[in-house]
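Asker: Letter by letter, the chains look like this.
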Amino acid sequence: MSAISALFRRELSLATRAGGGALMGALFFLIVVTVIPFGVGPDMALLARIGPAILWIGALLATLLALDRLFQADRDDGSLDLIIMGEEPVELVVVVKCLAHWAATGLPLVIATPLLAVLMNMEPDAILAATATLAVGTPALTFLGAIGAALTVTLRRGGLLLAILVLPMTVPVLIFGVSATTAAVMEPAPFMTPFLILVALALFSMVIGPIAAGAALKHGLE
Amino acid sequence: MTEFSLDLALGAHDLGCERGGRQVFAGVAFRVSRGGALLITGPNGAGKSSLLRTIAGLVRAARGEIRLEGGDPDLGVGRQCHYFGHQDALKPSLTVAENLEFWRVYNRPTGLETIDALDTVGIGHLADLPAAYLSAGQRRRLALSRLLVSHRPVWLLDEPQSALDAASETRLAELMRAHRAIGGIIVAATHQPLLLDAPDTLRLAPVASPAPEVAA
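Chains W and C, in that order, are what the protein sequence lines are.
Following numbering that gives the first Met the number 0, the numbering of the first sequence begins with 0 at its first residue and continues without gaps.
Following numbering that gives the first Met the number 0, the numbering of the second sequence begins with 0 at its first residue and continues without gaps.
It is worth saying that the hints were derived from the structure and are not from the lab.
Be aware that a few hints might be false.
Stated by the list, open to error - One side only, chain W facing chain C, incomplete, derived with CB under 10 Å:
#, residue
1, Leu13
2, Ala47
3, Arg48
4, Leu64
5, Asp76
6, Gly85
7, Asn120
8, Leu220
Stated by the list, open to error - Anything over 10 Å on all C-beta distances counts as not near chain C; from chain W, calculated:
#, residue
9, Asp42
10, Gly158
11, Leu160
12, Leu202
13, Ile207
Beta carbons: idealized from backbone N, C-alpha and C, even for Gly.
Let's have the full structure, built from the sequences with the hints guiding it.
Answerer: This is the structure in structure tokens:
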């Protein structure tokens, strides 16, 4: 077993064991989406129209909520020093931690999406599109969020600052995620164009995120 | 046990460190050759921990350079060091064996097997216990066992004997002696006497800084 797979397995078991909070994001997502129909009122057409946006904003907030401990837990107990002193480049460490974090907190959001989309009175096509866009978009949110998590790693209460730093960067992901989902049910608008841009944004963030977060971590240790 | 390279030596030249815009130490030079030990002493705030973290590559040196002769030229100096600091780097929700097994694989499994290392530091019977239930001394010993499961030529020890009882301290001395016997290098910061044979001593003096101005 290589160092990288050992790190991935460790992150995954830390997230899923007591105190790891893997399912907190999914529960938060569930509650946010469930509360919206009570606020909007019994207008089924309106719910179906705003459904994709609600799902996306819920997923965005749920992802940010879980991100603040991405590096801070390891920094607080000294593990981060030793992980960075390992032979793996710090950027690769960030990639592995993000992937494990996504598998533990982002993937449950994607799996819960079809169920919650029914609550929003969305059509089957839109449900499929929402699930597909979130499957592609939530990794992008995690990798962008890693930059914020690395920048705020030295701060005791960095969670809110992380959200403020990261939210503006996630706006393009949100726009193309929601527009692809909406396009799936609006006849003239093409689905693939915004979806492919979303895929491009995800790939872009997977490159930028680890490099920026790695630089921030190395600086933050001093 | 494989021995370390015969021409192994850790040296620093005109080393300086700044943290938060304040000079912590300057002009530090030392050289420790194969099997040697360097004891860093000095009052609080003299920069003992900063010097260790600089050697480990966790803090960038403001001046000077650190070299490890006879080491792996493809790896930085820090990546050939074990850093045993104030923090134990343990995860309470993982068991004792899982904690150590992760570090063993992550730092390359070139040393002892996990269970043998735990037995060596005397906590083999706790292998399946979550680390949350360990006492401070047991946590310390588990952290120490990390140095045994992967071979790295330089051990950087920051107050290694804190929270250890007399028996564990003797055990630590044996481990350090064994590490030096195969050619390893030890750099330790402490202000208590450490059971080290014939160490070189580097005394860090606090850098004279102008007295802070009192705001009117």
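Asker: Work down the list of hints and note, for each, if the structure agrees.
Answerer: To see whether the hints hold, each was checked on the structure:
no.: 1; hint: Leu13; verdict: holds, 6 Å
no.: 2; hint: Ala47; verdict: violated, 42 Å
no.: 3; hint: Arg48; verdict: violated, 44 Å
no.: 4; hint: Leu64; verdict: violated, 20 Å
no.: 5; hint: Asp76; verdict: holds, 6 Å
no.: 6; hint: Gly85; verdict: holds, 6 Å
no.: 7; hint: Asn120; verdict: violated, 40 Å
no.: 8; hint: Leu220; verdict: holds, 5 Å
no.: 9; hint: Asp42; verdict: holds, 45 Å
no.: 10; hint: Gly158; verdict: holds, 21 Å
no.: 11; hint: Leu160; verdict: holds, 20 Å
no.: 12; hint: Leu202; verdict: holds, 28 Å
no.: 13; hint: Ile207; verdict: holds, 24 Å
Hint violations for this structure: numbers 2, 3, 4, 7, all remaining hints satisfied.
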